[in-house]
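Student: Sequences listed follow chains A, B and C, in order. Under the numbering used here, the letters of the first sequence match residues 1 to 307, in that order. Under the numbering used here, the letters of the second sequence match residues 1 to 257, in that order. Under the numbering used here, the letters of the third sequence match residues 1 to 234, in that order.
Just so you know, the hints here were simulated from the structure itself, not pulled from any lab data.
Only pairs whose alpha carbons sit at most 20 Å apart, straight line, appear in this in silico DMTMM-like list of lysine to aspartate or glutamate:
{"#": "1", "chain 1": "C", "residue 1": "LYS129", "chain 2": "C", "residue 2": "ASP112"}
{"#": "2", "chain 1": "C", "residue 1": "LYS199", "chain 2": "B", "residue 2": "ASP211"}
{"#": "3", "chain 1": "B", "residue 1": "LYS89", "chain 2": "A", "residue 2": "ASP107"}
Here are some, though not all, of the chain A residues that point toward chain C, as calculated from beta-carbon distances under 7 Å:
{"#": "4", "residue": "LYS185"}
{"#": "5", "residue": "ARG188"}
{"#": "6", "residue": "ALA189"}
{"#": "7", "residue": "ASP192"}
{"#": "8", "residue": "VAL199"}
{"#": "9", "residue": "GLY201"}
{"#": "10", "residue": "ILE202"}
{"#": "11", "residue": "ASN203"}
Where a beta carbon is used, it is the ideal one built from N, C-alpha and C, also for glycine.
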Amino acid sequence: MDALSRIPQLLVYGIVSGSILSLGGIGVSLTYSILGFSNFAHGDTMALGAYLALALLPVMAQLGLPSGSLGPLSFGWDFVASLLLAAVGTSLAVILLDRLLFARLRDTHRITLMIATVGVALALRNLLQFVWGPQPHYYTTTIQRAILIPQLGIRIKPDQIFIVAAAVLLALLLHLFLRYTKMGKAMRATSDNTALARVTGINTERVILWTWVIGASLAAVAGVLVGLENKFITPELGWQMLLSIFAAVILGGIGNPYGAIVGGLVVGISEEVSTAFISTGYKPAVAFAILILMLLIRPTGLLGRRR
Amino acid sequence: MLVVDRLSKRFGGLKAVQSCSLTVEVGTITGLIGPNGAGKTTLFNLLTGFLKPDSGRVSLDDRDVTGLPPHRVFRTGICRTFQIPKELKGMTVVENLMLVPPKQLGETIWNPFVRPRRVRRQEMEIRDKALGVLEFLELAEVAEQQASQLSGGQKKLLELGRTLMTNPRIVLLDEPGAGVNRTLLKRLAESIRTLQKDLGLTFLLIEHDMDFVMRLCAPIIVMSEGSVLMVGDPDVVQRDPRVLDAYLGGQYVATDD
Amino acid sequence: MSRLTIERVVSGYADMEVLHGIDLCVPEGEIVTIIGPNGAGKSTLMKTIFGLLKPTAGRILFDEEDITGLSPDRVVRRGLAYVPQVENVFPSLTIQENLEMGAFILKGHLRDRLQHIYELFPVLGDRQKARAGKMSGGERQMVAMGRALMLDPRLLMLDEPSAALAPNLTATIFERIAAINEAGVTILIVEQNAKESLKLSDRGCVFAGGLKCFEDSGPALLANEEIGRLYLGG
Numbered sequence: 001m002d003a004l005s006r007i008p009q010l011l012v013y014g015i016v017s018g019s020i021l022s023l024g025g026i027g028v029s030l031t032y033s034i035l036g037f038s039n040f041a042h043g044d045t046m047a048l049g050a051y052l053a054l055a056l057l058p059v060m061a062q063l064g065l066p067s068g069s070l071g072p073l074s075f076g077w078d079f080v081a082s083l084l085l086a087a088v089g090t091s092l093a094v095i096l097l098d099r100l101l102f103a104r105l106r107d108t109h110r111i112t113l114m115i116a117t118v119g120v121a122l123a124l125r126n127l128l129q130f131v132w133g134p135q136p137h138y139y140t141t142t143i144q145r146a147i148l149i150p151q152l153g154i155r156i157k158p159d160q161i162f163i164v165a166a167a168v169l170l171a172l173l174l175h176l177f178l179r180y181t182k183m184g185k186a187m188r189a190t191s192d193n194t195a196l197a198r199v200t201g202i203n204t205e206r207v208i209l210w211t212w213v214i215g216a217s218l219a220a221v222a223g224v225l226v227g228l229e230n231k232f233i234t235p236e237l238g239w240q241m242l243l244s245i246f247a248a249v250i251l252g253g254i255g256n257p258y259g260a261i262v263g264g265l266v267v268g269i270s271e272e273v274s275t276a277f278i279s280t281g282y283k284p285a286v287a288f289a290i291l292i293l294m295l296l297i298r299p300t301g302l303l304g305r306r307r
Numbered sequence: 001m002l003v004v005d006r007l008s009k010r011f012g013g014l015k016a017v018q019s020c021s022l023t024v025e026v027g028t029i030t031g032l033i034g035p036n037g038a039g040k041t042t043l044f045n046l047l048t049g050f051l052k053p054d055s056g057r058v059s060l061d062d063r064d065v066t067g068l069p070p071h072r073v074f075r076t077g078i079c080r081t082f083q084i085p086k087e088l089k090g091m092t093v094v095e096n097l098m099l100v101p102p103k104q105l106g107e108t109i110w111n112p113f114v115r116p117r118r119v120r121r122q123e124m125e126i127r128d129k130a131l132g133v134l135e136f137l138e139l140a141e142v143a144e145q146q147a148s149q150l151s152g153g154q155k156k157l158l159e160l161g162r163t164l165m166t167n168p169r170i171v172l173l174d175e176p177g178a179g180v181n182r183t184l185l186k187r188l189a190e191s192i193r194t195l196q197k198d199l200g201l202t203f204l205l206i207e208h209d210m211d212f213v214m215r216l217c218a219p220i221i222v223m224s225e226g227s228v229l230m231v232g233d234p235d236v237v238q239r240d241p242r243v244l245d246a247y248l249g250g251q252y253v254a255t256d257d
Numbered sequence: 001m002s003r004l005t006i007e008r009v010v011s012g013y014a015d016m017e018v019l020h021g022i023d024l025c026v027p028e029g030e031i032v033t034i035i036g037p038n039g040a041g042k043s044t045l046m047k048t049i050f051g052l053l054k055p056t057a058g059r060i061l062f063d064e065e066d067i068t069g070l071s072p073d074r075v076v077r078r079g080l081a082y083v084p085q086v087e088n089v090f091p092s093l094t095i096q097e098n099l100e101m102g103a104f105i106l107k108g109h110l111r112d113r114l115q116h117i118y119e120l121f122p123v124l125g126d127r128q129k130a131r132a133g134k135m136s137g138g139e140r141q142m143v144a145m146g147r148a149l150m151l152d153p154r155l156l157m158l159d160e161p162s163a164a165l166a167p168n169l170t171a172t173i174f175e176r177i178a179a180i181n182e183a184g185v186t187i188l189i190v191e192q193n194a195k196e197s198l199k200l201s202d203r204g205c206v207f208a209g210g211l212k213c214f215e216d217s218g219p220a221l222l223a224n225e226e227i228g229r230l231y232l233g234g
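Modelling step: build the complete structure from the supplied sequences, incorporating the hints.
Tutor: Here it is as structure tokens:
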């Protein structure tokens, strides 16, 4: 098959992986805008979410949740429940981490905090490897048949539609939260000007708490969805995506969650479509190239503002 | 020398600057006044390349500078300050000023290694100049402090200091007086006057302190709703009913002597 | 009664002490203006009162209660409000959202309070959905003051309320300040353009080098020639 005729199919893959990158990127962007540092542990937070869901899966089945497949999807209600509980668990873990570590460093330099996140990243990944081992794990071994849409020349699996739909739903919920709730507005205010937010009476510690909860929840969901798309999870899962996520966040304008969504899609699609022309092995290089290009042309990002 | 010809800029539906034409003559201290929201700062942003105009032309000494990026505009000799100071927070006050002169020897990769002595000598000269400027602005005491620790008013002074580090053709000052102590502001007015007389510098300045503007500037350009309402000397402007109405407000008539 | 009492407060930044033992009393219902050269510690005092900086010595009393070192959101709950000098609005939020943030600590509906602010500053009522970042300097100052008034504070602290305002707006802002004061709010102002402010003030204080060096009634301070020459531009 020639390169051009593969593009529609690659676009589908790109949108799927872009959706996941977007969910991951939102957390990085929010952390940056509210707390002021780049969180290099975000990828491993995704992996933590993926493993928590793995651990919860048998528990859910034991509690009597039906594990039979939901329609054409490869998973059942037990998986959906695990996904949601993994988001809660990851949030709790991240809040604990904030209390134990980041809160103590709150008033130090942002570089100190960034390096602390690198430490957390290493610790988390090794913890996962210690508990579950380096070998891949599977949520399900069901083999799923792709739906063929001959008019467009694409095939898409029901699970992939689920991934995109979940990402769209979460992005929409985030938008409504930021736009219409008091805490959402307070988050935007804090991101605008933390000092002013404090003198206004906004409890910035609570804003920070919400930032972690949203970021961690979306990270956990993203991690589980990666497992669903790849069919397996390893402790390296998040770390491997981190470069693409950062490229997406910077592309969209760091600190802007909407930018992260746009950036995620652009990076995801570029990475996949590039495989029509160059070897799949260069995918990370594509993210890198986008990152460098963006920093050269428009360092504030597509939707970024001047600081 | 600075000619603005029918310059326009809109943000969405809002016409911030519309068909604005004005001239700043060599060697003058031209005042730019007008109500808040009249488009004065937007005009400054258009003149210095921070915004691109929708239409119209800006030229300096017959050279078209419309739409050039800020650093190129700076090199043509148009130098500006900001209403809200933009200091480099992580550097000391004196370092903030030392960064200003363009094309320093030490800025290339090789010079510090190949010609260390010349680089150092130039740096010492620039440092002396910066310290002189700080002395003048009563900031000498805080020269070695981090710029982020300056008080609001001191940051305004540092802004002004940046313009004194180069030899600009024209200096645009965006509200030099806001937040600056009035006694010091009076001294600033004197020094602006000195720079104009002795070095032949040209100034275009936005300011709301009428004592300052009326005493220092001639002519005065009044902007309203994005274009020029009138141009005139202080006494003419002060008595113009349109200006009184839209800008100065009633109370000014009473104190006018 | 004294609304705010500052007792020998020493404060500043990590490696730089700015206030070297300030005493100040703001009586209930009065307007007090602090003047002085740049870097004298006027804004630092406001930040210290509001818990953005921790004093290393001294006490701050609000209505006879010790509020020294309380975090800003607790200070707000006690009934103090503060409008910083620059960057005093949230640029990406609309006017209405800015005002809502002012009442963050309240639960329930804000309609009446918003209405009250829009009556005080009609310009804001006309543009509720506009982003604060797109506003001119004068409108921004009104948003900032409106935000601070959302909680009906007992003490309002204003850092240079007239900086960057056109003369007609300066007059308007000071009219509003007088009206707010009439309504029973005690006001502490830091000003460089102090003539307007001192006219309104019951009391004026001069800061220099991190110490209070002079205090008198507002009009008397305005009439003092030496003060005028040193700090008010003669």
